[in-house]
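Chains A, B, C and D are the protein sequences, given in the same order.
This note's numbering puts the first residue of the first sequence at 1049, with every later residue one more than the last.
This note's numbering puts the first residue of the second sequence at 1049, with every later residue one more than the last.
This note's numbering puts the first residue of the third sequence at 1049, with every later residue one more than the last.
This note's numbering puts the first residue of the fourth sequence at 1049, with every later residue one more than the last.
Keep in mind that the hints are not guaranteed to be accurate.
Note: identical chains are not told apart, hence a pair may lie in one copy or across any two.
[Stated by the list, open to error] Under the rule of at most 20 Å between Cα atoms (straight-line distance), these lysine to any residue pairs were calculated in the SDA-like manner:
id: 1; residue 1: Lys1099; residue 2: Asn1305
id: 2; residue 1: Lys1280; residue 2: Arg1262
id: 3; residue 1: Lys1356; residue 2: Ala1273
id: 4; residue 1: Lys1099; residue 2: Gly1123
id: 5; residue 1: Lys1356; residue 2: Gln1284
If you are wondering where the hints come from, they were derived from the structure by calculation, not from laboratory data.
Protein chains: 4
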Amino acid sequence: MLAAYAAKFDADNPIAALEVGERPEPTVPEGWVTIDVRATALNHHDLWSLKGVGLAEQNLPMILGCDAAGVDPDGQEVVVHAVVSDPAWKGDETLDPKRSLLSERYQGTLAQKVAVPARNVVPKPAGMSFEQAACLPTAWLTAYRMLFTQSGLKPGDTVLVQGAGGGVATALITLARAAGIRVWATSRDESKRARAVEIGAHESFESGARLPERVDAVMETVGQATWSHSLKSLKQGGTLVISGATSGQAPKSAELNRIFFLQLRVQGSTMGTRTELAELVQFMENAGISPHIDSVLPLAEARAGFEKMNAGDVFGKIVFTV
Amino acid sequence: MLAAYAAKFDADNPIAALEVGERPEPTVPEGWVTIDVRATALNHHDLWSLKGVGLAEQNLPMILGCDAAGVDPDGQEVVVHAVVSDPAWKGDETLDPKRSLLSERYQGTLAQKVAVPARNVVPKPAGMSFEQAACLPTAWLTAYRMLFTQSGLKPGDTVLVQGAGGGVATALITLARAAGIRVWATSRDESKRARAVEIGAHESFESGARLPERVDAVMETVGQATWSHSLKSLKQGGTLVISGATSGQAPKSAELNRIFFLQLRVQGSTMGTRTELAELVQFMENAGISPHIDSVLPLAEARAGFEKMNAGDVFGKIVFTV
Amino acid sequence: MLAAYAAKFDADNPIAALEVGERPEPTVPEGWVTIDVRATALNHHDLWSLKGVGLAEQNLPMILGCDAAGVDPDGQEVVVHAVVSDPAWKGDETLDPKRSLLSERYQGTLAQKVAVPARNVVPKPAGMSFEQAACLPTAWLTAYRMLFTQSGLKPGDTVLVQGAGGGVATALITLARAAGIRVWATSRDESKRARAVEIGAHESFESGARLPERVDAVMETVGQATWSHSLKSLKQGGTLVISGATSGQAPKSAELNRIFFLQLRVQGSTMGTRTELAELVQFMENAGISPHIDSVLPLAEARAGFEKMNAGDVFGKIVFTV
Amino acid sequence: MLAAYAAKFDADNPIAALEVGERPEPTVPEGWVTIDVRATALNHHDLWSLKGVGLAEQNLPMILGCDAAGVDPDGQEVVVHAVVSDPAWKGDETLDPKRSLLSERYQGTLAQKVAVPARNVVPKPAGMSFEQAACLPTAWLTAYRMLFTQSGLKPGDTVLVQGAGGGVATALITLARAAGIRVWATSRDESKRARAVEIGAHESFESGARLPERVDAVMETVGQATWSHSLKSLKQGGTLVISGATSGQAPKSAELNRIFFLQLRVQGSTMGTRTELAELVQFMENAGISPHIDSVLPLAEARAGFEKMNAGDVFGKIVFTV
């Protein structure tokens, strides 16, 4: 079957490590099912895999991809949940030390078929296209968990989203807005600030700008470049949720004095549970919102999509149809 | 000044106990302020007061009313918070055993002026009219607290609102919808079911109907008439929030076996805090939603408003302008 | 192998339905393990099973018992967790609608061997005897979850335990005391009140007595006989946790007005998770506390134990050694 | 009256800034009461005040001290709560941006009399001495809030306390042990490790040592010197509560990758509420535990106490009798 996969690693030029071509159909362990993929989407995680981050050499060649929507063996239209936890694990799957994401230990979603544990699918609403549904399992799920499991935000509160533009940040803006939260976004880029307001932010600001007032929570994936601004933007008792640190993980000062004196909370977060994915899907249907799609390409042209993401010139998700 | 007040009690005919006429301006204890009322609204609480429920004889004559919006001594436009807690009380004001509502111990809002503790006001957004703002301090605040403090509901969950039509129920429907929750409502009355869908319910059902699936939470003020249906409608681990029991407080069976075996939670709730009122106001502005107004009358015609509420033929709030 | 089992039902005389004799060794599905039982204990659940409550006729003959400690195939000393949830279920096992307890669908623990899913065991501390460990999986686990997952109690709070004497109530008293909670217990029986104080209650009271002050939470399994007293004993915002209703499930009035006006919480609870069992075991070791054992008999004399429990003359657990 | 106070600041030699001598009795604003101090205790906060940290020059001379127990105007024996919040503030006093501690804006407790808002006292149990009670309002209250409000720890969990020896750390060890939590403590000093076990730690370790297993929560006031070890010691989803950063606030790396990938929580904390103080006092009585007292001196010899604390050679609290 056709698939986009890593055959080797290249830390400097990840695109050079990408292959788009034939791969055997996935094996299906007991209790797993094969999904006919109709649409699949890209994440930065896929670029990291090509660089050899988070993917072990002995697992090569590895089909990439954590996002997919398709059809299960019973003909049901489904969204795939990419977190594979240990069968003996009960409780939040994202806290299972033995968990992995599709494309780390098990073959990923950038293919005509993907095998997943039977429980790792969620019904796709009829009103949502496969392309839209394929955007949800990674960036949007991460954003849902940050906002609604980790932050304590309530309707009427104010959230600051740092670094508008990234896949998680755009999801954060749209989801928070649809939940009655006041959304402020930052970006160094004027066009991204404008775009942030278009997709739901009540206001947007230059990175590091002094805000009109302190906020209840900050959401970010940026790390050291925004750390100090994030902490300074929070009310007493406020919460900073981080699910990445793309600019680096070591701010000049962690500002522990500010954290303890203002009783701030820093909450790490990564991915989400199957239950959260089902809630996300239902939420988007309840609220009539859709993911932002940057571009749609056939899977055979996956290389063009990887190149676009690698160039960084993206607002929303890059989707491949199968 | 002009005011609507209780001069006596009449358990059978509360309207007979109502006076609309001149009352002295309120006294202003230290730390309190006088608000120039611009709009004020009715609640069933006001009818109960006229019947002698919750209002002590020695406090007569008492100006009625818990809802108001107006202008503070600094010229700021404000919404009044009606819960007066003890100065020594810290923590959730609604849990203060010494708290009272305006019109119980202190003169109420159905007047040209009302005195409240200085902290008992919240800024009114410029885009919200005084009539709209006057609807919020009681029924809408009660609904906000039920949904966002007491229930544990998250965007994507499903809530059942029993008895669509009442002031709290209509607020519940609109607020839950605006927060990304799937809203199902029940009513015995077909026109109220239709109206429930108009104001935000995703679907509405006859009272007692079997639902398409079990829900995450039920909100109600009905009591014994809906108790059994509410419990049967809940998922394992679900939550029933009650803030009233208008049909009576003693269901034939409390069904404790169902409660413990399905690990249900029954959560009582009443009114809300000043912080919750501020969040409610901000939420309505964030989401662009407004309270449902049944009718607007000048305060001088308050009797007509009371009669309409007493007749039960109301969908939304009855507002008086001052 | 030797086992105590139900061969039929007898609603009036459960002891008549009990057999103690040879049964085949349990079958072991994939992913399950066989535990060599060293000690096992009785619960009221076993009497109910003999009466035909919670046990289906087509599952007869059924080995009874939910409590056991023993040795796993690797020679590890373990405590058995009796809640068998669906393999696809993630999250709290006690909320899985498809869960069952040992002795309902799968053969129980009152036998020389019992088969359980591999994850359904918890290491037994070296300092805890098999007899002690066998007391924990049902009544003590139920009490642990009521107190530390469901109630919101903190060290320094006060809890009321209704009906001191039962297996869950004695566990509640001991566990709450060891966690720094002030424990008040009630019983109609003077000797049980004295015994409650011996095992950890700070004070004990006659059933229905007015308490020195209102409490933060009430724990009970009694139901309608204590419902009104439980609600009246709670502070504003207090919590009533119920995990049974042995006196009936329909109090004359559910007193919904009290529930909503004082913002009380009624929280159902049943059993506990494997994680909670592991925490319970560690807690008992940390705090140096042990379960209360009424009597120890060889499994061959199980009938005598059942008769004693049926007669109601028990304070603590009846344990069988194997 | 006799008092220990700061008349100036000395960043290098705080003892040189200390005066012990006559000061006027405190003024008593409306709603405040004067407490006859019977015992009062030292905190590092008092040394910082002498250095000019957290105390403004225009407030000099300032009586030092946040800890006290004494007798109120009605003859009741009380413990003083040192957090003075704004009268208009409802909710957690420690989150009030306008709050102050006694000895910052209002005269402190190291005196024969101290004035506090009427609500800022908690009844002292008869079985607790004034010397013991005087230890609680700062370090022990801080520890109580860290453990029981901020950490999510439950009986049976394991906590790591960094830097055994300090006032907060010794309180953490004793309180956690008395709540059924397994307590591991670290110190660079062998005698402090031994002492930690004496006062309740289940085990103690050298600073930075690899622990037998990962813990549910870490409590610390050390800051950059222990940051990395604290994070590495936590389970997935674990919590680090910090209420100080005595070694500095800027670890070489904040290790944000670890925080987000393991979904750790860093929770700042400072002081505690009046309600928490009341719970702490009741907890200590329920559990039969007492604060650790290093030494007791008459207030007239306060200088000796300050010198001892400044020398760092302390295990437990330094108490002054009045």
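Here is how each hint holds up against the structure:
no.	hint	verdict
1	Lys1099 x Asn1305	between (37 Å within a copy, 17 Å between copies)
2	Lys1280 x Arg1262	within (8 Å within a copy, 32 Å between copies)
3	Lys1356 x Ala1273	neither (24 Å within a copy, 43 Å between copies)
4	Lys1099 x Gly1123	neither (36 Å within a copy, 45 Å between copies)
5	Lys1356 x Gln1284	neither (41 Å within a copy, 34 Å between copies)
Figure legend: structure checked against the earlier numbered hints; hints not met, in rising order: 3, 4, 5.
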